[in-house]
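Undergrad: Okay, here's what each chain looks like letter by letter:
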Amino acid sequence: MSGYFIAVGTIGGIYALLALGLNLQYGYTGLINFGVVALYAIGAYTSALLSMHGMPFAAAMASGALLAAACAWPLGVICLRLRDDYLAIVTLAFAEIVRTVIISEDWLTAGPRGLPGIPRPFASMAPDDAGVAYLCLVAAAVACAMAVTAGLVRSPFGRLIRAIRDDEDAVRSIGKSPARSKLVVFMIGAGMTGFAGALYAHYLTYISPDQFVPLLTFYVWIAVIMGGAGRIGGALAGAALLTVFLEGSRFLRDALPFIPEVQMASLRLAMIGLALILFTIYRPEGLLGRPAR
Amino acid sequence: MDGVALLNLAVTGLVQGLLIGLAALAVSLCFAIARFPNAATGDFMTLGAYAGVAVQGWTGSLLTGAAAGVAVVAAVSLASYGLVFRHFRGRSLVAPLIASIGLAFLLRSVLTFLVGFDQQSFRVPVARALVFGGVRIRPMDLWLMAFSVATLAVVLAVLFLTPVGRRMRAVADNPELARASGIRSRPVMITLWTLIGVCSAVGGVMLGLRTVVVPEMGWNILLPAFAAAVLGGVGNPAGAVLAGIGLGLAEALSTPLVGFTYQSSIAFVVLILTLVLRPQGLLGRAEAVR
Amino acid sequence: MSLIRLTRRAALTAGGAVLVATLPGRGARAADSPYRVAALNPVTGAGSTYGGGMQKSILFALEEVKKAGGVDGRPIEVYAEDTQTSPDAAVLAVRKLIDANKVQAILGTWSSSVSLAVQPITNAAGCLLFHVSSAPALSAPAQNPKHLGFRFQAGSPQIGAAYAEIAAKQGAKNVAVMAFNNDVQIASTTVFKAAWDKTGNKLAGSVVYEPNRTSYSAELQRVLGTKPDLIVVSGYVPDTTIILREAFEAGNTAPIIIPGWAWSPAVQKAVGPEALEGLIVFDSVPDSEGAAFKTYDAGYRAAMGVAGVNNVYASMAYDMGIVLALAMQKAGAAADNAAISAAVLEIAGPAGQKVTSFAEGKMALKASQKINYEGASGPLDFDANGDAISVFGVNKFHNGTLERLYLLK
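Protein chains in written order, with this note's numbering: chain S, -1 to 291; chain H, 313 to 602; chain F, 11 to 419.
Simulated from the structure, these hints should not be mistaken for lab results. Cβ coordinates follow ideal geometry from the N, Cα and C atoms, glycine included. Honestly, I wouldn't trust all of these hints.
[Unchecked claim] Pairs of lysine to any residue, SDA-like flavour, derived with a Cα cap of 20 Å:
1. K279(F) x D430(H)
2. K279(F) x Q432(H)
3. K279(F) x W370(H)
4. K112(F) x A124(S)
5. K237(F) x L319(H)
6. K156(F) x A121(S)
7. K237(F) x R440(H)
8. K279(F) x S373(H)
9. K156(F) x D104(S)
10. K203(F) x D104(S)
11. K279(F) x V436(H)
12. K380(F) x E356(F)
13. K279(F) x M452(H)
[Stated by the list, open to error] Computed footprint of chain H on chain F, listed as stretches where at least three residues anywhere in the stretch have a Cβ under 8 Å from a Cβ of chain H:
14. 209 to 219
15. 246 to 254
16. 280 to 290
Pulled out of the complex, with its shape left as it was, chain S reads as follows (with noise of 0.2 Å):
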């Protein structure tokens, strides 16, 4: 029985990962990145092709970060200059290239045969003891994550991009550029979302174009405006409330079973569209947000 919840615990701690990293790109700086699904491919096809031709872990997973941060720079570069929901455009379309890229270049990829046999950690361990172990792993990320969230965002550093999320032009009237300021925290979240990515494929040793679709990315957002944006208690918390939605979808079919089946992901479906506009509409701080007013 522990068996499942440790592997429930270990989905939710990646969710939780990849919600810090919008949270910081979105709740803090009023990034509207809508490439979540992208980072997180890169991490994990990264991590995944370097591990299976030799790299050690650390070195294999940190590059999958730092490739999906590099991937950012450029879209940071053309879009952060212009309006919000540019950004928004070229990052889905941007998640559109990545996988189209993925599913054509096979030669690297595999393409829609997708990767089987990714290595795990802790694999000489006992199959208990390794799914404690990696929970372990997921959990010192999300605490890592945590941690430089906190940190940027008491530091001057912070301050100034919370100031530029709340009204740009002043920022730039007193002579700081805002966009440096974005590109840099837009490239830590992709950071961690391609971390994410890399603790995904690893745990799953499965990895395929098709478990990449632009469905996730709008789960992770989600999250963030349900927990809370601009609150790290606040990813945490939509996090939580997704995997439990996720999973839980599952029991309620008990619950409800005069549904059929094959409406119950329909009814899945509604919920999150219905979710996203009553909290869009009436509660925009999120659950644990603070009212703007």
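Use these hints to put chains H and F onto chain S, whose structure you have.
TA: Quick look at chains H and F alone, frame taken from chain S:
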């Protein structure tokens, strides 16, 4: 690659481009006047197609089906303004953008809850294409082109030739000034969302006639539509249409060079290049961009 | 003997989900050690067209086993979960099934990425995995070292070879191929191209196309430009519909071959009889006159309200239940999964007395006879890698209906 083959690709691209253009017009109208990118546009189109198929199934008439599709989506579009988007006036565009994504999911899931995931299709005769010196044009495509152009013309006519259209463009250019000079936003918004609904519905029905009706159909054309709206210039619906046609042509004509898998990336590469070189788009104004 | 479907109550607390599971087997006699089976299917998600029916088919197959007296000394307990056609959700489902419910066999995963993600876990836990996924990697020795995985549908090598044989029988000399861009279609068409090369005939155009496109005119233009006398289109219902329609509109007269999973009444409705004339459809449910199929069909109609022939994967799922039960019967009450796995190969044939139901098979096994189960989805003989060897039926669309031409063995 000889001239006839290129012309055939161009015909394919033109029809595709008109479909993207219709969707881009709907996106651009919202962009310009309500000031946010509406991610529910794709699912408005899907809804229009499903409604059209259903009504054609009941009445046997394609025209009635299409009209029903337009009516249903116009109603849903107005309802989404009244229930959802109206709340965001004065707030940053992130909120209505996220809400529109939620609306997209909600619409899609209601549809699949009621109808399921199986493919539907309009009942249309399948016929050999007309051949003009090696260039093939399907009769259906001629109809689609005619109707798309007609719809675009009607919408643009409303926008440029009617009083309410003038008021809409005033709101698009400068909302504060528009409000200050007494333009009431309610009639403008009602017209806007009705037009968005009509465009999306017609686009959805056209798309359904050309291909098959599946729950993801509108969402799949959303990204090229966004790209066209940005490409054509924020605040320039006519530009969005032209950009849509251009993107359709570019996609089709690029296949000999980049292959069939990467053809869908062309729209995005063009988008990114545009933002690097000319962020206001081909026909837009610079101030709308920063 | 008992076949219990357990209900689960879940209470959600602030910190997470607290699951209260009623553990099985409290009332069972010590001598009867229960065998726990899970039906793990894509009830929701992309595979939901098939998953619901697959799950029901496994359940009524095991119900049939129970009604026939069950497996001697081994009461079967059944659990059911949803993969959501997502590897993440499937991994969590499998963890729950293995850790909380202690299942020993998992039946009915459909999507290749689900099966590939789940297989390392089932292998580590020593569980059997019966699936209908097509990824060739699933039966490779590296991925299936203990032979616990069984593929209940033809693998890509067999499908590719079938395309080649049908093309040869049609007398084609210049064949074009259009393949949907995913693992299984690429694998099958690659095998086809290699086999076709060996016949010395020409390969005309070859195109890989993307899903979710609104038109395949550009792809068809490339293919038709090479003037093929036969076209293989290896994809799924929505894209095949568009391709068939546009091929006709483009003036194509060459016959087209499509696999059975790309065919449905929706395709017929969308494309129309004139354009479909001469279409060749091959599928792996050849023997709809067989007794096992009839039993399956009756059960499917009762459970789902439509004919069983509409869901080929459900017929395979039904066979999974029967095959597992027969293998358990053969291996004996104390057998472990290794022995049951070996027994699967024995009872599935091809040698032995032909049986078409659990009751028939059990009787023959108790009389110490060798049996060969012929299932609802096909003769169900497995090769050494655990892949089912299918018999294909080749059909042609003529004057508005699909007629059987011949069987490919």
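Undergrad: State for each hint whether it applies.
TA: Against the structure, the hints:
1. The hinted pair formed by K279(F) and D430(H) meets the criterion: a straight-line CA distance of about 13 Å does not exceed 20 Å.
2. For the proposed pair K279(F) and Q432(H), the alpha carbon gap of about 9 Å is at most 20 Å, so the pair holds.
3. Simply put, K279(F) and W370(H) have alpha-carbon atoms about 15 Å apart, close enough for the 20 Å limit, and the pair holds.
4. For the hint pairing K112(F) with A124(S), the CA-to-CA distance comes to about 18 Å; that is within 20 Å, so the pair holds.
5. Distance restraint check for K237(F) and L319(H): the Cα-Cα separation of roughly 19 Å lies within the 20 Å cut-off, and the hinted pair is therefore satisfied.
6. Between K156(F) and A121(S), the direct Cα distance comes to roughly 18 Å. Compliance with the 20 Å bound is thereby established for this hinted pair.
7. With a C-alpha separation of about 17 Å, the suggested pairing of K237(F) with R440(H) holds against the 20 Å cut-off.
8. Only pairs whose Cα atoms come within 20 Å are accepted, and K279(F) paired with S373(H) is accepted, the gap being roughly 16 Å.
9. A distance of roughly 29 Å separates the Cα atoms of K156(F) and D104(S); the hinted pair therefore is violated under the 20 Å criterion.
10. Only pairs whose Cα atoms come within 20 Å are accepted, and K203(F) paired with D104(S) is accepted, the gap being roughly 19 Å.
11. Proximity of K279(F) to V436(H) is assessed by CA-CA distance (about 10 Å); at most 20 Å being required, the pair is judged to hold.
12. This hinted pair checks out: K380(F) and E356(F) have alpha carbons roughly 8 Å apart, not beyond 20 Å.
13. At roughly 17 Å between alpha-carbon atoms, K279(F) and M452(H) fall within 20 Å of each other, so this suggested pair holds.
14. With 3 residues carrying a beta carbon less than 8 Å from a beta carbon of chain H, the region 209 to 219 of chain F meets the three-residue requirement, and the given coverage holds.
15. Taking a C-beta to C-beta cut-off of 8 Å, the region 246 to 254 of chain F contributes 4 residues in contact with chain H, enough for the three needed, and the coverage statement holds.
16. Coverage of the region 280 to 290 of chain F by chain H holds. Counting CB-CB distances below 8 Å, 5 residues qualify, and the rule asks for three or more.
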